[in-house]
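Asks: These are the residues of each chain, in order.
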Amino acid sequence: MTSRRERIQVLYELSLAVGRGSGLRETAQEALSAYLRKLNCTAGAVLRETGDSAAVEYEPVATTPADPTINDGYARAVEWLGATDEPAFPAELSVDGTHVHLAELPEFGVLVLVSGSRKIDAETLGALTATNRKLADACLAEEVERELRTQRDRLEAVVETVSEPIVRVVTRDGDPIVDDVNSAFEATFGCDRQAARGASLDTLLTTDDTDSGDASGAAVTGDGGHVESGTPSGDQSLLESGGVWGGPDTPDDPDTSWVESDVPVRREVRRQTTDGQRVFSLRTVPVPSSGGETEQFGLYIDITEQRRRQRTLERLYRAAEEFFDAPGREAVCRRAARVAADVLDFSLCGVHLYDRESRALEPVATRGVDRSEIRREQLRYTDRDSVVWEAYREGEPTAIADLATFDGALPNENTPVRSALVLPLGNHGVFVASAPTADAFDDSDRYFGKLLARMLQTALDRTGREQALRSIQSATRSLVTATDATGVAEQLVAYTSDTIGAPYVCVWRYEPGERLLRPVVWTDEAGELLGEMPTFGPGGSIAWEVFHEGSPRVVDDVTSVGEAYDADSPIRSEILVPLGEYGVLTAGSQLVDDFSRTEFEFLQTLAASAESALQIVGKRQELNVLDEVLARILRHNVRNDLNVIRGRAELLVDEASETDHAERIVDTADEILSTAINAKQIRRIVDRRGEFVATRIDRLVRSAVEGVAGDYPDAEIGVGPLPGVELELHPHFEYAVRHAVENGVEHQSGESWVTVRAATLETGVVIEVEDDGPGIPEAELDPLAAGEETQLVHGSGAGLWIVDRVVRYSGGTVEFDTSDSGTVVRLILDRATTPW
Amino acid sequence: MRQEYTEGGAGAVATLVESVAAATDVEGVFVLVGEAAAFTPGAGDTGGDGSETGPETWDVAVPVFGGVFPVVIHDGTETDRGTLVVGLPAGVELQSVTGLDDERVGIDTQLDPEVLDRGHETAFVLVDAYASRVEEFVGELFDTYGVEVTFVGGGAGCLDGPCGPSVFTHQGTISDGAVVASTPLASAVGVEHGWEEVAGPLRVTDSDGRTVHSLDGEPAAERYRAIVAEHAGESPDPESFFEFAKGYPFGISRVGGETVVRDPYAVSDGSVDCFGAVPEGEFVHVLHGDRRRLVAAARAARADTVDDTAEGSGEPGRDSPDGGIAGESLDHDSVGSPSFVFDCVSRVRYLGEAFAEELAAVVDGDGSTVGASTLGEIADDDGRLEYHNKATVVARLSDR
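Chains P and Z, in that order, give the protein sequences. Mind the numbering: the first sequence is residues 57 to 892 in the working numbering, read in order. Mind the numbering: the second sequence is residues 15 to 414 in the working numbering, read in order.
A couple of the hints might just be wrong.
As the list claims (entries may be wrong) - Beta-carbon label-pair distances, calculated as ranges:
{"#": "1", "chain 1": "Z", "residue 1": "Arg-132", "chain 2": "P", "residue 2": "Ala-213", "range": "43 to 51 Å"}
{"#": "2", "chain 1": "Z", "residue 1": "Ser-282", "chain 2": "P", "residue 2": "Glu-135", "range": "51 to 59 Å"}
{"#": "3", "chain 1": "P", "residue 1": "Ala-213", "chain 2": "Z", "residue 2": "Leu-108", "range": "40 to 48 Å"}
{"#": "4", "chain 1": "Z", "residue 1": "Glu-232", "chain 2": "P", "residue 2": "Ser-317", "range": "53 to 61 Å"}
{"#": "5", "chain 1": "Z", "residue 1": "Glu-32", "chain 2": "P", "residue 2": "Arg-76", "range": "52 to 60 Å"}
Claimed, not checked - Some chain P residues flagged as far from chain Z (calculated, every beta-carbon gap over 12 Å):
{"#": "6", "residue": "Glu-201"}
{"#": "7", "residue": "Asp-236"}
{"#": "8", "residue": "Arg-253"}
{"#": "9", "residue": "Arg-415"}
{"#": "10", "residue": "Gly-451"}
{"#": "11", "residue": "Glu-684"}
{"#": "12", "residue": "Arg-752"}
{"#": "13", "residue": "Ala-854"}
{"#": "14", "residue": "Gly-867"}
It should be emphasised that the hints constitute simulated quantities derived from the structure, not laboratory data. Even for Gly, the Cβ is constructed at its ideal location relative to N, Cα and C.
Kindly generate the complete structure, drawing on both the sequences and the hints.
Replies: So, in structure tokens, the structure goes:
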């Protein structure tokens, strides 16, 4: 029997034994050991309740023995807990004479005590309630602290491993006191961690402007920003001020009021570091600590290089506008070299463009060469195995940290430079920057150098396209003026050679009778290189395929096309474009992969223009032939034959009794003759289309009337007022007036009349021919209204056509006012209208 | 159970051990050495031919374990001059534990929990009584094995202080350590002490392990001396203090079990040193015992291992006098099974000539009981495994 006194003693001792340990397990184990010792139990456990109300589980936190499953009493307790939905405590079980007691540890779990063959009395168990509650509270507190400790350890581990400086600060008596700093903070700001702890942050990160490692030497603006000396006033690109609290944050007076903020803060600051003054993005986070005070974590992210890059980028973009506006490739290159020197500090640099003729990367613009020991001839890169050519060919930037240890092929021996940067410019060439010292180009230089090279390449592409466009425009205008196909081919070869600098250019013409492509025009260099120019027949040649299929092609390496090229051919790469039904244009090079996509497209466009020009020239030639044939026929053959026919017919009229047929023959011959005359006039009018001569209106009209009167002596032709105005008219404008008058005269009968008069307009003259004839049939006026120059008319219709054409060619219009009482033909020469 | 005794030196002991070990009915050997014996396990004794004959040189095919004790019990008598060699009839598995004076050494990692899987039910535990972590060692035994193994044993060493390695196996001596010899033999254990409360409770307001600095806020030595003087009717002087103190141990209370005794053995700087830890914050009583009660308790301890009706000795069974400690009991037909006695040496010194009476009360009439006086006892009393002081522990083996 346990006496009350003993019970009280034991409970008191137990209560003292239950308390916070050095962890959850230790706390539970020490308490459990006390329970077992003071209550003389053979086994026991502290179980943690886990899971949710649907599936409660019990996880052992502390057990005695270490493997409690060997104890039957413990096993019984676990079995009971697992089988009971809502266990009621305290509980008492037994197994094989061993007593097991289970007590609740409120909000934590269950206490299991195996007392062996002896029960723990109920009074003692009841009195343990408070002690059990204390144990539960201690375990819960240990759990929370363990979690906090874990999180804190995790946080501290993260803080320590972060490569950026971090400071932990608390406010004490109004001062920002450093609690701890990480290794990065020590290294960056050169302060000892032990010395920093407990120091004021105000004094820890002050700066000494006189010892600034930053060559720019910043000054502080009123709003907390910084201005670099040597930069335009107001240029704050390296530091952006502002923040939650505002106020200045100077290197010699850092603003640490953020330690009192209860919200995260972000601002840019400048601080003194072991590498001089640098710019940081300071980000703070307030974290409540277990002690009740708020800790502030300050993270310093070095953005000095970022700001510097940003500024360089801005300057680069502003400067790049210069060479984008430059006229021509050389100007672009010169400006790019200047930008490289002024903005990127590439004191020794140059732009080298590919010259197909010399097969070299020729220096177009350089900087700093004159001040160096480099000889001019060393800037011309001809060795195709060198690192410069490799960069150009592969399109890959190359940085050489130290030429002395570089194992690639250098373009020059005995060069005074030690490090270099070779940046390809697409198909144009390369940009090369070099320095007399090794490792002169860092990551930033390489980055901005590539950016500059890309801009330069874009500018060169643009000027190249503009130049090609101008060339095509010029070529197109010129090609159509050629008199024959050979002339077109000659111009085509010349333009091709001049524009893309290809030395070996040739035009092959298709000979349909032989089914061959024969060379018709070629450059001198091609002739010298190839000697006897080849011909191409069906099968076996790329030129024939291109012509036959009508598809242009680029052969970058002739050895890749098998037997299509003669093995002895000196041509290594070639562009072939079809010229429609005419033939093929080729441009060749002795170098592999020597032509760019741009050049290929240029030749296609040029070839298309040439093809159109060939068609035009061909048509023109045909027209000329037809014109000559027609003129000859009309001028000689037809008129001569008509004269014979007419003469014989007139004899028949005089001699025959029946003269209808003969008269008809005479009339018809006259009509044909008139048509021949009209055709001749039409040819003259068309030939001189676009020409103008100064013409007195009064003289013009009188001449025309005299001409008609001569042909129609019986005609009644009146002439009205005629102004002495002079106008620029078609050289054969008189034809129009004569035909208008003739039209009225031809339809006169009896006492009919025709009157011609002219009057001035505000901006011109109108000539009117009026008659009282039957009027012009609509069928003869309709074609004129349609305005079709190609309309073929004959007889009187040809006369109206001539009137209409000549007046139009003179910039005027014709109006026909016809009725049953007559016709008025108005030739309106109003200079307000646009000449046709 | 085979047992042999010699008062010879290392050579004689070696011969005896090897002889017993070679017996066909012996599967393990337990060696108990008196502190004044001619054989000193760790001294590198030489045999008659001049060669060294420590435990590691014994030519044995079975495990051997043992310890040095103030007194060895055999054949119904006690002596400190000889060496007793006991052959165990069942297999023995040994575990050596070292570093009981070094806080950095882990104890639990040296204990094999799978011992239970091999069906071991009883384990003899011998520990260097002067190691500083004996209670921790006992706690780890309990934590590892619970009460699934019946432990019995005690502290080895010399009464007057450390006298070299006091624990050994056939592989050599163990300094600042212990040996756990487990066997599949079942056992019944009785643990009794017979001390009764005469003063207290006193709150241990300041202690450090085995040293009590203050009781009820007063210097422990002064408070303790006052209590002893009051009960004894005279105030002991410093020179005779221990003579009084051995009759007035501390007792640590617990519910459902009897007091755990802590034996003070020295006073220094106002503090009292004890065999065994006295935790700060606990309540202690001052105990006192007389010859009659002590002997009765010892008898009760043996009775706890024997069925009264089967022996017919009229020995008291479980109705032991106050201060007794309950123990496990075997069936009545186990009488005659070998028994072991671990009796606290302080009881021997306290009882003086009366110890013979106590000895008679615990040994079997056929003289088969073997054992030793120990510096502290290790056993569980139907509860938690404890490190006892001033107790009598009797263990009886069976082969079931």
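Asks: Quick check: which numbered hints come out false for this structure?
Replies: Structure breaks no hint.
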